[in-house]
Amino acid sequence: SQKIEQNSEALNIQEGKTATLTCNYTNYSPAYLQWYRQDPGRGPVFLLLIRENEKEKRKERLKVTFDTTLKQSLFHITASQPADSATYLCALDIFPVGLTFGKGTHLIIQP
Amino acid sequence: SAVISQKPSRDICQRGTSLTIQCQVDSQVTMMFWYRQQPGQSLTLIATANQGSEATYESGFVIDKFPISRPNLTFSTLTVSNMSPEDSSIYLCSVGGLGDAEAFFGQGTRLTVV
Numbered sequence: 001s002q003k004i005e006q007n008s009e010a011l012n013i014q015e016g017k018t019a020t021l022t023c024n025y026t027n028y029s030p031a032y033l034q035w036y037r038q039d040p041g042r043g044p045v046f047l048l049l050i051r052e053n054e055k056e057k058r059k060e061r062l063k064v065t066f067d068t069t070l071k072q073s074l075f076h077i078t079a080s081q082p083a084d085s086a087t088y089l090c091a092l093d094i095f096p097v098g099l100t101f102g103k104g105t106h107l108i109i110q111p
Numbered sequence: 001s002a003v004i005s006q007k008p009s010r011d012i013c014q015r016g017t018s019l020t021i022q023c024q025v026d027s028q029v030t031m032m033f034w035y036r037q038q039p040g041q042s043l044t045l046i047a048t049a050n051q052g053s054e055a056t057y058e059s060g061f062v063i064d065k066f067p068i069s070r071p072n073l074t075f076s077t078l079t080v081s082n083m084s085p086e087d088s089s090i091y092l093c094s095v096g097g098l099g100d101a102e103a104f105f106g107q108g109t110r111l112t113v114v
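These protein sequence lines map, in sequence, to chains A and B. If you're matching positions, the first sequence starts at 1 in this note's numbering and goes up one per residue. If you're matching positions, the second sequence starts at 1 in this note's numbering and goes up one per residue.
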């Protein structure tokens, strides 16, 4: 079955640096891969979607890449700020289950 | 986009009792999804609720334990029945997320069973 792997250890980054989070998956490549942000006590909030035929997608300080050969997506936050501290989840639409999430990576941006 | 109101936001319940969680969407949707997020874990899909039909449950979840209602296209409830401490989790309802559509979530219900 399809597995989604994110580094569940906390990632500590100095403010102003680029944070890079990894999402690896097994088996077949999905048509779409999504990234979400989750703050404590809140539901996940959608950030970006990338399609299998797209190598890269950007939105403001966010950038997502999708490498179907490596079966990996990278999520970058440039010029990171303490307000970017949160848990970031990647998710795949896996037939027939539907949207399936990784465990998430807890990102801490230190001033 | 969709705005989802979920309540209660949190509750502390005695073991053996039941809790019903409500989810209201500001637009009509065909499918609503219920997830569980245990401490330190990812979101796990419990079931998909379609209006006018029985909910579809994922492996490991059964209707007797997690009955779901879907009376119309904007509302759903999830009941956690005969609760035990192992049911302590965050429960989330969601819409969207299939194909190239983003998913929208309620703020979640933090359930503690004592």
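Among these hints, one or two may not hold up.
As the list claims (entries may be wrong) - Restraint-style ranges between C-beta atoms, simulated for each label pair: (1) A:His76 / B:Asp64: 40 to 50 angstroms; (2) B:Gly52 / A:His76: 17 to 27 angstroms; (3) A:Thr69 / B:Asn72: 44 to 54 angstroms; (4) A:Leu11 / B:Thr79: 33 to 43 angstroms; (5) A:Gln81 / B:Asn82: 43 to 53 angstroms; (6) B:Ser1 / A:His76: 32 to 42 angstroms; (7) B:Glu54 / A:Gly16: 46 to 56 angstroms; (8) A:Glu52 / B:Glu54: 29 to 39 angstroms; (9) A:Thr18 / B:Glu86: 37 to 47 angstroms; (10) A:Asn12 / B:Gly52: 17 to 27 angstroms; (11) A:Glu9 / B:Thr44: 17 to 27 angstroms.
Claimed, not checked - Stretch-level coverage of chain B by chain A, calculated; a stretch enters the list once three of its residues show a Cβ under 8 angstroms from a Cβ in chain A: (12) 42 to 50; (13) 99 to 112.
Rather than coming from a laboratory, the hints here were simulated on the basis of the structure. As the structure is a computational prediction, the values presented were derived from the model and not from experiment. Beta carbons are placed, not taken as given, at the ideal position from N, Cα and C, and that holds for glycine.
Results of checking the hints against the structure:
no.: 1; hint: A:His76 / B:Asp64: 40 to 50 angstroms; verdict: holds (45 angstroms)
no.: 2; hint: B:Gly52 / A:His76: 17 to 27 angstroms; verdict: violated (44 angstroms)
no.: 3; hint: A:Thr69 / B:Asn72: 44 to 54 angstroms; verdict: holds (46 angstroms)
no.: 4; hint: A:Leu11 / B:Thr79: 33 to 43 angstroms; verdict: holds (37 angstroms)
no.: 5; hint: A:Gln81 / B:Asn82: 43 to 53 angstroms; verdict: holds (45 angstroms)
no.: 6; hint: B:Ser1 / A:His76: 32 to 42 angstroms; verdict: violated (25 angstroms)
no.: 7; hint: B:Glu54 / A:Gly16: 46 to 56 angstroms; verdict: holds (53 angstroms)
no.: 8; hint: A:Glu52 / B:Glu54: 29 to 39 angstroms; verdict: holds (33 angstroms)
no.: 9; hint: A:Thr18 / B:Glu86: 37 to 47 angstroms; verdict: holds (40 angstroms)
no.: 10; hint: A:Asn12 / B:Gly52: 17 to 27 angstroms; verdict: violated (49 angstroms)
no.: 11; hint: A:Glu9 / B:Thr44: 17 to 27 angstroms; verdict: holds (21 angstroms)
no.: 12; hint: 42 to 50; verdict: holds (count 4)
no.: 13; hint: 99 to 112; verdict: holds (count 10)
The structure fails to meet hints 2, 6 and 10 from the earlier list, while all remaining hints are met.
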